[in-house]
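What follows is each chain in one-letter form.
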Amino acid sequence: MEQCANYLGLIPLFPLLGAVFIGLLHVFTCKRTALPEKVYGILACVGPVLAFVLALKVFVALKGLAPEARFLSYKAFTWFSVGELHIDMGFLADPLSCLMLLFVTFIGSLIHIYSIGYMGGDKNYGKFFAYMNLFLGSMLVLVLGNGPVVMFVGWEGVGLCSYLLISFYSEDRSNVLAGNKAFIVNRVGDLGFVLGMSFLFWGIGAHGFDYLSLKANVHHLEPAVALTVCLLLFVGATGKSAQIPLYVWLPDAMAGPTPVSALIHAATMVTAGVYMVARFSFLYAGVELAGNIVAWIGILTALLAAIFGMFQEDIKKVLAYSTVSQLGYMFAGVGVAAYSAGIFHVFTHAFFKALLFLGAGSVIYALHHEQNIWKMGGLKKKMPKTYITMVIGALALAGCPPFSGFFSKDEILYSALATGHFGIWAIGVLVAGMTAYYTFRMIFVVFHGEPRDHHAYEHATDAPSVMTVPLIILAIGALCAGLLNLPGIFGGDQVVSHWLAPSLTEHHPHGGVFLEILAIAASVVAFVIGIKIAYTKFGHGAQEPFFSGFADFAYHKFYVDELYDRIIVQPYKAIGSSIWKVIEPNVTDAPVKGVSRLYMVLGTAFKVFQVGYVRVYALYMVLGLGIMSLLLSQSLN
Amino acid sequence: MFEHVLSVIIFLPILAGLILLASPASRTIARFTGLVISLATLVLSLELYLRFEATGHLEFVEHISWIKSLGVSYSLGVDGISLFILMAGSVLLPLVYFVFGTKEKGYYANLLIVQGAMAGAICAADMILFYIFWEVMLLPVFFMLGLYGGPRRLPATLKITLYTIAGSLLMLAAIVYLGVSYHAQFNEWSFAMEKMAHLNLTGRVAAVAFFAFMIAFAVKIPLFPFHTWLPDAYTEAPAATTFVLSAVMAKIGVYGVIRFVVPVFDLEFARFAILLAYLGVIGMMYCGLAAITQKDFKRMLAFSSASHMGVIALGVFCMNIQALTGSIYQIVAHATSTGVLFLFAGILEERTNTRTIDDLGGIAAKAPVFALYFAIAMLASVGLPGTSGFIGEFMIVLGAIKFNTAIGVLAGTTLIIGVCYMLWMFQRVFFEKTSSRSEHFKELSFTEGLVFLPVILLIIVMGIYPHPFLSKITPSTALQFAPPASVVAQMPAANAQNYGLTIEQK
Amino acid sequence: MTNDLMLLMPLIIVGAGAILLMVASTCEKLTHELAAYGSAGIFAVAFLVQLSFCIAGNVAPYTEAFNGVLVASNFSKAAGLIILACGFFTSLSSQAYFKRNNFCSPEYYSLAAFAASGMLLLTMAQELITVFIALEIMSLAIYVLVGYDRKSVISTEAVLKYLMLGAFAGAFFVMGSAFVYGAAGSTKFVKIGQYLAAHGMLHSLAMIGGAFFIMVAFLFKAAAFPFHAWVIDVYDGAAVPVTGYMATALKTAIFAVFANFLVIDGALQQQWITFLFWISVLTMFVGNLIAIGQQSLKRMLAASGIVHSGYLLIALVAIGSKNFSGSVIAFYLAAYAAGTLGIFTALSYLGGSGEARKTFDDFKGLAKARPFSAAAISIFLLSMAGIPPTAGFMGKFYIITSAINAGEITLAVLGIVSSIISMWYYLRLIIAMYFHEAEEQFDEPAISSWAPACTFVLVLCVFAISLYPITV
Amino acid sequence: MMHGYLYLSIILFCLGIVGVVARRNVFTVFMSIELMLNAANLVFVTFARVHENIDGHVLAMMVMAVAAAEAALALAVVILLHKHKSKLDTNVFSLLKG
Amino acid sequence: MFADGLFIVFATLAVLGAVGLVLFRHPMNGAMSFVVTLISLAGLYALLSAKLIFALQLIVYAGAIMSLIVFIIMFLNIQPDDLPQEEMKLFYVLVSAIVVCPIGLLLAKIVKSLPVHSTAIMGNKFGGVKEVGLLLFRDWLIPFEIVSILLLVSLVGAVILAGKRGTTK
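Residue numbers (the numbering used here), protein chains in the order written: chain U, 1 to 637; chain W, 1 to 506; chain E, 1 to 472; chain A, 1 to 98; chain R, 1 to 169.
Looking at chain U on its own, in the form it has when it is part of the complex:
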């Protein structure tokens, strides 16, 4: 067992070392003869794969323990210790983190393999893999960290990698701007996280600031502080997981290479917020208000993103909004205290969304970086493997039983219903329908009908096997992952939920069979309606529609970006420049300038008294003497 605990430190270390190594290799060779891509490809995959293997070992080790004692912890070193603040660089593997660990390393490895093909020919090949490895390492730190501060290291680390990878094609300004946006918006969230941590620390952190100690002491926390902490941490989560109001960065983040979108902006990083809320379930469970806020923000985000998703024309943007939307579901889940449901959705989502992105990547790859769906069409015949896998992914996303998405989404909706959140449930069902609609709109437009751009169509073909094999593996995952947590009504025993139980503080709602059936039925109906509409409109080929009215409004994403620009970015810049153009010279520096001007004026003025007539100097003396004499006479009285 002890040995396994030691692996915990190694798991993030491998990808991180890989990143450093690849990065240095790249930096020192890129100006001369670039190394062959194979070298990078192999080096890049070593870290994630090793991490996955170790993750499996950890999983096995955990499984061997009694459910209540299922945790392994490993302290690498004392990180910092000042006064009552004592932070260890320590890692914790419990069922929750182990689950995350498994799928992060698994999907991460797959996407690395896929990228070997996808990134071929790029001149910054090495850089890409360095960043990807760095990302994976950071993500693992995030997942494995034994306390909020260590988690924050990973939290910010993945943000950094996200920034670096979004601005990967850095010659294009818009890409870099998208990267900046991602980083800055994430930072807004991180501020919340830091503040939340700080309040938490001054609440109960003095006895140890890792999850286990916090969980043990959580009852000491004052309710008001607990609420503050929950909300602040959730601010962090909205940043990282693209929830209202900080979701705006994620669609722009699609500027990065597609594997990045798959790995970071769909499967792993963006779910960190959900993971974090689940991690703090012991805290959220005690504060119902916070949970409700989380749930409502989540479901509203889901709705909003679904609306946007229906009108997108960029294949990756469609998927991006669907990601936001699904993240909304997850938050709705953890918000209604169905932590395991939320996490389970994270798990399944990782498979099918990564699959969809990689599939989209294959399409884009085949069409020479064409992303507009209205320039595609009829690719079914040219790219059968991609088509099939993507349909599996789409079905999973749309929540078609028995694909994985169905079970996880249904679990969430059922929990909402069972805990009495009818509004959330209703919106959730609506969004489910919309999801089915826009997903299949994309599938139909891209793969069905007639090719719209014949030139591109001619050259389109299925990707090499290094890219398709991961697709197939993911498709299997998307198909079957749901079965892991088969609810009782289908004869399952909710393996995942039970596995997660020791890590989470949740009470499974018992809404009864009726509610369960109601939830399932509603979902299925919504799915069917959604897919039906999509089929009617796009099933047989359609031309790029012209939007007007609400559709136009939605097409422009409700002008939220513009609004933010108007009310935040522009005023910010205006304040910035007014500070150094107006305030600094006229207000802050004015006293200094005034003093120096006065100084000079006085200096010149006093020259006047030096008239040069000796008589006048004598007069000064006598005047001075006169005044002194007067004062002296006065004082002598």
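Please note that the accuracy of each hint is not assured.
Among the chain A residues that face chain R by a calculated CB cut under 10 Å, a handful are [what the hints assert, rightly or not]:
| # | residue |
| --- | --- |
| 1 | Tyr7 |
| 2 | Gly19 |
| 3 | Val21 |
| 4 | Val50 |
| 5 | Val58 |
| 6 | Ala65 |
| 7 | Leu73 |
Simulated from the structure, these hints should not be mistaken for lab results. Nothing here was measured: the structure is a model prediction, and the numbers come from that model. Idealized CB from N, CA, C, for every residue including glycine.
With chain U held as given, fit chains W, E, A and R onto it using these hints.
For chains W, E, A and R alone, coordinates are given in the frame of chain U:
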């Protein structure tokens, strides 16, 4: 190694600098001398660092009585607080000689003098000695700025000089006031810093003295609204001077607050801490906002430096051990990040002949190593976890939250504000398309790359494994919060038990 | 009697030397250069003698001589040392100056020595009329030195102003002495002290008025506000070495006697604290304001001399407590003398023929052409500005310490503020020398190696004095 | 009676001051200063009589000697002035100012 | 009574002489007027029993110093054109008289505070050459000696300033 290591660290560079100034040495010789001397200083400081025992009290003490009748003495010593500022200077200054190889003799000589003077101010254990070094360290800056600065250097030189001297002369009055008060209360003349903590100062004059100290340090730090000299000076100064100013000298201002204001004026400090903390926060936000639309990257870094100094100062004003330790840690982090960024800015300016951000672009493609180093320093400066910048900033925000929620929250915004202008600048300079100016940008040479490597590694090591560093700081900072016996005695017994609390509530 | 004469030894050496020089100057062979070396030698010998007294300590620290008319104390000895050193350096800088300016005759050095003997007397005098005579010896000699360049209208104007106002102030002194005599029945300090101890200050209006007029005369000579106006014109009109001599030695003598007068009795000093307080504050600030606007270096230095008088007045305010400031005043005077003399020595060989370089702008770019001279001038200016580690700083430190120790915190702070104000015009010259491009070449051939050597020695002095710990 | 002498000396002293301040003629100015010294001498002599202490007489003699010396120098200066400008007006000599 | 009468006469003369000094335009007139003052003062010294000073005042002041001044005035051969044009002389005199007032009043106040003391003429033992001489060479030796230096300085100075244009050796 030997007894007077601190004196050697102080006077070796000063003497070498003076001899250089007086001698007809060529540039090459001057540079070489500077390099050798600063490396020797570095070796001595490292040795000092390793032998440092972290007792919390002054170590390596040297004491020679000077003006007996006034109790003024030549006494030196370092504790965990000063050690790190000293180390920051010793580690970073040799870089300059590597990076800037074609400057005039006076440039190197002045650098040496300023290095020694700063070491003196840091190590001085006597207030008068401190004051002497404090003033002396301004002179080389004055000359470097005036002689080798940019086109608008004269007003900048005058402003920084007069501003700083004005501040510090008031401090002189306050120092003397302390000495006289000590004489009055203990019937013994002394200007030793550690003894001043025993003083029992009350009344209006004490408050005035407190502000005299505070203004002197606030100008140096610079704390809002005493920062207005900074943008001009930092921009116009030659890169090495800006580097010295931001990396070490500004820190001595913070150090002064920790050394003088906190222990001596505990009551006034407790009274005005909230005000000062607000000034720190406002300065951070003000300068951070001002940085965002700068067109000149050096000016932008200048504002950024001021912004960070606001946070560092805030850490001191929060009056708890986390924030204070964070401040000291951040001092080193800031020296290694922003200081090095100023050096990089100097390299950029030297190689492209421009300071305008818009004139540049695409440098990352031309010089990947440079971009990597720059990026690491920049990330440290924005406080990314895993770099040195995070530890300090986190502890400061943490401490600020404990001190005052509003201040803590505002202090946290440094996370956002810092990242905005930095990314914006990085994007324009390093990303995007190559401009005509940056077309022929030369990558760092092998030596340069090698020279910067230790600092870059230090940034990362300090971020990942700060414990060994912190363990040398904490004993000293902990002492700052240990209630002095005399004060406790005067308090009611109930209050004395939670002394820390009472101070904060005031 | 022997002891009395021994105490007067430096005075006798200087006085005899002056007469000797005067007699010798009738001899055609005595060039003014030789006279310069001669007077420098005289000053040097007198300095060494005085120094040996100071070090040997075989003389009691406070010795009356000649029926209480003269008194040698540690303070007067220190002041004497400063005066003699000033004389020494002035002689040598004059030598350089007069190589370029052609109006010297050997009597110049004789008069300088006479002035020094007057100053030495002044430091020791403990009787009002002796003070007056010494004052007049010093002043008359200086008047002549100021007007030495008879061909120059400016220098004649300077001597007119100085003489007229000086005599005017002298009249007040005599009037004051007369009233003090009327009150105390004697003009000897000892007797006055006894009278004050017996009767107190307040009950004798004649004593108050007399002391008032006497101080007016001192304040005039020290160029305190509102008796400062002459000093700028006179310094401007006089030859550079003379200006230096006036600014240092004369001021030393005046403050020595002023301090001696004030410490006659505590009551006397207490009576005038408020008065001196305001005079000191006004002097500092008015001096500063005048200095700011000046373009000519000599006028600026004159105005800064006013400011330094203000600082010294601070010390006089603080003098009362336990004889604190005697050494402080001496230290400050020494520090100030080193800096000021240094600048004037440098100016005497850099000023050019007919003092062509007089404004700040004329010294632009000096650092490139004459780096060592520029560095020396910078050090002197920094010392005057009170920047450590120069003597000027330590002097200021002692003054502030004594002021605060005497409870005069406001005054100390105002002194600090004033020295902040003064920073600009000192830095201005450094900026001109270093940061501006040269407009001329400064390439006249070196005329004398003595004056630069003096400058170098004075630079050393500036640092050495700062290290010397005084017993407060 | 003693007061009469003193008041007289005050009047003379003040007249001397007036002469210095109000007049531009160099001779008058110097003679006014002599007048002030004489006023002071009168005080010395008066107090010598009052205290019956002839120290005052000695002092008065000294003052006379000083006055003589001063007068000699002053006259030399007057000659010098006259050589330069042929004027006895103090206002003519105002090159040094500002 | 006789002494008082004399005092009033001398005092009036002295003041008139002084006023003349201040007001006369030509220095020669002023000098003559000043001589009147000096002689009156000598009379007053005599009234105060200062025999030696009385003599010295007449010999040294009224005699030597004033003749020197008069000599120089003559020597310079001052024409009315050389004299300053003091159009507002009276105004200036008035203004300065007002300015001087506080000083005079202060002095007057001091005098007023002094106790009254007789100034009747004293006998032979007071103020004669012998008494003053003894005192001078016993107690006042040093001032007496240094006066000689003063005179020497003045001598040298006068020669340098007023002498012929010297040649630099």
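Problem - Violated constraints from the hint list, given by number and in increasing order - result: none
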